[in-house]
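Chains as they are written, first to last, in our numbering: chain B, 844 to 1158; chain A, 1257 to 1548.
Treat the hints as calculated values from the structure; they're not laboratory data.
Just so it is clear, the structure is predicted and the values come from calculations on it, not from any experiment.
We put the CB at the ideal spot given by N, CA and C, even for glycine.
Please note that a few of the clues may not be correct.
Pulled a few chain B residues facing chain A out of the computed Cβ check, cut under 8 Å [unchecked claim]:
1) VAL980
2) LEU997
3) PHE1123
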Amino acid sequence: MSTALEPRTSPTQQPPGEGAALRRAGDWARRAPLLPALIFLIIVTQLPFVGTLVISFMNWNAYYPDEVGFAGLDNYRRVLTDVTTRDSIITTIVLTVSVVLVSLVLGLVIALLLDRAFRGRGIVRTMMITPFLVVPVAAALVWKHALYNPEYGLFNGVLTWIFGENAPQPDWISTMPLTAVVASLVWQWTPFMMLILLAGLQSKPLDVIEAAKIDGCSSWQIFRHMTLPHLRQYLELGALLGSIYIVQNFDAVFTITSGGLGTANLPYTIYQIFYNAHDFGRASAAGVVVVIGTIIIATFALRTVSSLFREEGAR
Amino acid sequence: MTATLEAPRTAAPPVNPPGRNPAGTLLTILAWVVGVLFVLPVLWMALTSLHSEENAATNPPSLFAPLTLEGYANFFGAQTGTSPWPALLNSLTASVLSTALVLVLAIPAAYALSIRPVRKWTDVLFFFLSTKMLPVVAGLLPVYLIAQSIGMLDNIWMLIILYTSMNLPIAVWMMRSFLAEVPVEVLEAASIDGCSLTRTLRTVVVPMVLPGIAATSLICFIFSWNELLFARVLTATVAQTAPVFLTGFVTSQGLFLATVCAASVVVSLPVLIAGFAAQDKLVQGLSLGAIK
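Kindly produce the complete structure, drawing on both the sequences and the hints.
Structure (structure tokens):
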């Protein structure tokens, strides 16, 4: 491990034998700059979650303020047996997995295309990241109205161009609502995956690959046995960070389908239970379910990040 | 595939000069096609925003219709009198102030996690990261109830505080990776010269990592500007941000394609500018500093 992971100040700076009191004072001097951020974050992010946990065991609907009380596991039973919330759990999984997988594969192919010198590479890279820089709500609005619209959206316009008068004019959002949401999210998230994988490709050990080539390995062999294993942790990182962001997606579902047609995911459903039904207890229980799901993904994510982190320190 | 792997990354003469080898040419064309396909919806949005409503809603699309600023005029309230400026200013206030707060909190914290690290500093670092993984929606209700009880609903400061907490972990991780690159000798020299902590930070460290601070700010700005869920739940008419205005704008006015596109262009413009400015550091920020 190099300087990055070791304490930066040498131990000799603090003369030995000056006593524990001084060292403790030094410890606090070191901690002082950290504390404001740490305390702020605990208050703003951890305390509300404790609140959610408490409310999830309560019978609390804002429409019936007199009936507030302890509910035990009732909310959880309702969340897990209620068809709406159960469907939204499944929708969340389908949505997250398909967006992450498709954008990861597309991102890999595009990263490979961009990992070679060609004329206008910088321009193509800039074009590629543009979708990620459109405000998510705006992107969803444009997809819904300017692309998917059955009468004058671009997709059906292109079909008319190609097939003339009798071109099929599908109503994209009502015939394939979830696919429509997934496609717009894949468009926004492929650049993210591409950027992470491109960074991975550009950090691969060139000398080893050069040696393999001299030894007569084919391009496919090099890709299969050297590039891909090297990329593995970048693929993991992309998949896990992408999952964390997309599990929480609200903008696209809210804008494109308003949660209708079986596209309501958990964040949208919780928003509904809380914002429209005012059932605080049930919304909180559903929130806790999301957190448990996220913790499972996050455990893997943290492990991946920490392995990359150690590697960086060892470099 | 050969060309992919042989691609030289340095200034060395290319093994396959572009355009001479047919496979390479094909891959170049493919890369361009993919790039154009991905940017196409954005270009279409920009073009439609410059068409009149009649020309925007045709099938097949009218590519070469005369350009007009009608859509923009409508977005800025030419017909309805509802101006988006308060919402845009709210977004600007929330994004800029929360980014400033993030920097004030994150730079000293990153200092304590890299240059003069506290004990168990990796645990602290990973605690910061884990808060980023807690779904926003899980804390939404208590935040709403607290805001309600202290009269902070529809108040921009509530959003500023929430956006600060949302971006603080990203900023701490990014700033830590930038600060780790500051050479030890420089810091030792400052300490020998008798610089205090705040002075060392202000006069030595900050100027050296200024590009990193700029990139961190831009990424925090983007995330705050984009946020919808908190803003949607916690604000109403007074403190609504641009994304909230956008969602309400469509439902209340029916469909005006050119206007919707103009609105999307205007609201996305700050993010596009910030994103292209931070292009080189974008991946570092998005991967929370895990990738350089």
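Q | Interface hint for PHE1123/B, Cβ within 8 Å of any Cβ on chain A | A | 6 Å, holds
**Q.** Interface hint compliance - VAL980/B to chain A, C-beta minimum distance less than 8 Å
**A.** This interface hint holds because 4 Å falls under the 8 Å limit.
Q.
Less than 8 Å between beta-carbons is the criterion; does LEU997/B satisfy it with respect to chain A?
A. 5 Å, holds
Violated hints are absent here; each numbered hint is respected by the structure.
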